[in-house]
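S.K.: Once you've looked at the hints, go ahead and assemble the two chains, each given alone in its own frame, into the complex.
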Amino acid sequence: GGGVAGGLRPELKEAIDQYVASNKVVLFMKGSKLFPQCGFSNTCVQILNVLNVPYETVNILEDEDLRQGMKEYSKWPTFPQLYVDKEFIGGCDIMIELYQNGELQEIVEKALVS
Amino acid sequence: MAVSKEQVESVLKEKLQPTNLVVEDTSGGCGASFDVKIASPLFAGKRVLERHRMVNSALTEELKSIHALTIKPVTPEQWVE
Chain A
1 GGGVAGGLRP ELKEAIDQYV ASNKVVLFMK GSKLFPQCGF SNTCVQILNV LNVPYETVNI
61 LEDEDLRQGM KEYSKWPTFP QLYVDKEFIG GCDIMIELYQ NGELQEIVEK ALVS
Chain B
1 MAVSKEQVES VLKEKLQPTN LVVEDTSGGC GASFDVKIAS PLFAGKRVLE RHRMVNSALT
61 EELKSIHALT IKPVTPEQWV E
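Chains as they are written, first to last, in the working numbering: chain A, 1 to 114; chain B, 1 to 81.
Excised from the complex, chain B in its bound form (with noise of 0.2 angstroms):
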């Protein structure tokens, strides 16, 4: 099963309430791999591994096929373009 962008965006929208998300499909042909750039107030008071984990479990699916992601997690406040 093939992982789109579409979809990784879809299921952080639906899960993290960001208020600022960039998904960049990275792959080099070597599988799906993603850049997530994502705001979320639910990442506010969390320790940096803590918001890792919550992207991770939120992609739970996404993940078995996914090759390679890579998180930047901050809280809206900290976003910047």
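This is chain A alone, in the form it adopts within the complex (with noise of 0.2 angstroms):
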């Protein structure tokens, strides 16, 4: 629920573009890699590992305004998010699809050797 008005702040919305541009795959979960707190991120987290990628989380459990914020950012209403080389790729349906045809892999390796 919440209601938050709309706006992402433009400090927020910079913030969050360096920190993308700086870690080339990154998850916006609830939870982190080591404790998800939900069934839809704990799966993201486990593809992930499976890839055999180096790749942060984000807990946007610990802050509702970037919580909101991510919504807006990425014009996706719900978590986990994942972003590889600046790039919104999805949340866990497209994530489980994407891993299942090998598209995550190619999409992820190019990031890496970019």
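Rather than coming from a laboratory, the hints here were simulated on the basis of the structure.
Any given hint might turn out to be false.
Straight-line distance between alpha carbons at most 27 angstroms, and here's what the computed BS3-like set of lysine-lysine pairs gives [to be verified]: (1) A/75 / B/46; (2) B/15 / B/64; (3) A/24 / B/46; (4) B/13 / B/72; (5) B/72 / A/86; (6) B/5 / A/75; (7) A/13 / B/64; (8) B/64 / B/13; (9) A/30 / B/5; (10) B/15 / B/72; (11) B/37 / B/64; (12) A/30 / B/72; (13) B/72 / A/75; (14) A/86 / B/46; (15) A/75 / B/37; (16) B/5 / A/71.
Here are the computed distance ranges between Cβ atoms for each label pair [what the hints assert, rightly or not]: (17) B/80 / A/18: 35 to 45 angstroms; (18) A/14 / B/4: 36 to 46 angstroms; (19) B/26 / A/100: 15 to 25 angstroms; (20) A/54 / B/17: 37 to 47 angstroms; (21) B/80 / A/43: 18 to 28 angstroms; (22) A/15 / B/26: 30 to 40 angstroms; (23) B/6 / A/54: 37 to 47 angstroms; (24) B/27 / A/65: 23 to 33 angstroms; (25) A/35 / B/19: 38 to 48 angstroms; (26) A/19 / B/26: 30 to 40 angstroms; (27) B/77 / A/109: 25 to 35 angstroms; (28) B/61 / A/110: 34 to 44 angstroms; (29) B/42 / A/103: 15 to 25 angstroms.
Some residues of chain A that are not near chain B, with every Cβ distance over 10 angstroms (derived) [said to hold, decoys possible]: (30) 7; (31) 9; (32) 16; (33) 21; (34) 22; (35) 23; (36) 35; (37) 47; (38) 50; (39) 55; (40) 56.
Virtual Cβ for every residue (Gly too), placed ideally from N, Cα, C.
M.R.: As structure tokens, this is what we get:
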């Protein structure tokens, strides 16, 4: 719930821009990679673990501003949200689909060598 | 505001012209949660992210109170029962 008024603050947008620019693979999730607090977030962490690539996680449960801001930044209503090389890839269903058809591995590997 | 399975179905039918649609209520006590399998000709030629965005934007209002949503968007040709 919450009905937070729209408007992604410019400082927050800039901070997110910088974060996704300096980390190739970032999962914005509920909980952390060591302690996911939702089944969907856990699934995504497991996929990234299987891909065996370096990645960062950001716990959106610890920051309500970030949580609302990310929804607007990504134009995506739910978490987790995966970013690879500054680009929004999708949520959990998309990650599963791209993982199963091999595209996720390609996307991530391409990003890591770029 | 609680969201019902029927509400999700009627919004998707109205906005996405599905040839096949299965909406399941999967909430296990933690709030409204749905599993949506949808086939629509509108998904043809669209990448997976775009297809999901179309479903999300059709359900913008409902998503304010839906806790979790699983979406499987396919074209009518890709639909498997």
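S.K.: Hint by hint, work out which the structure violates, then give me just those numbers in ascending order.
M.R.: When the structure is compared with the hints, none of them turns out to be violated.
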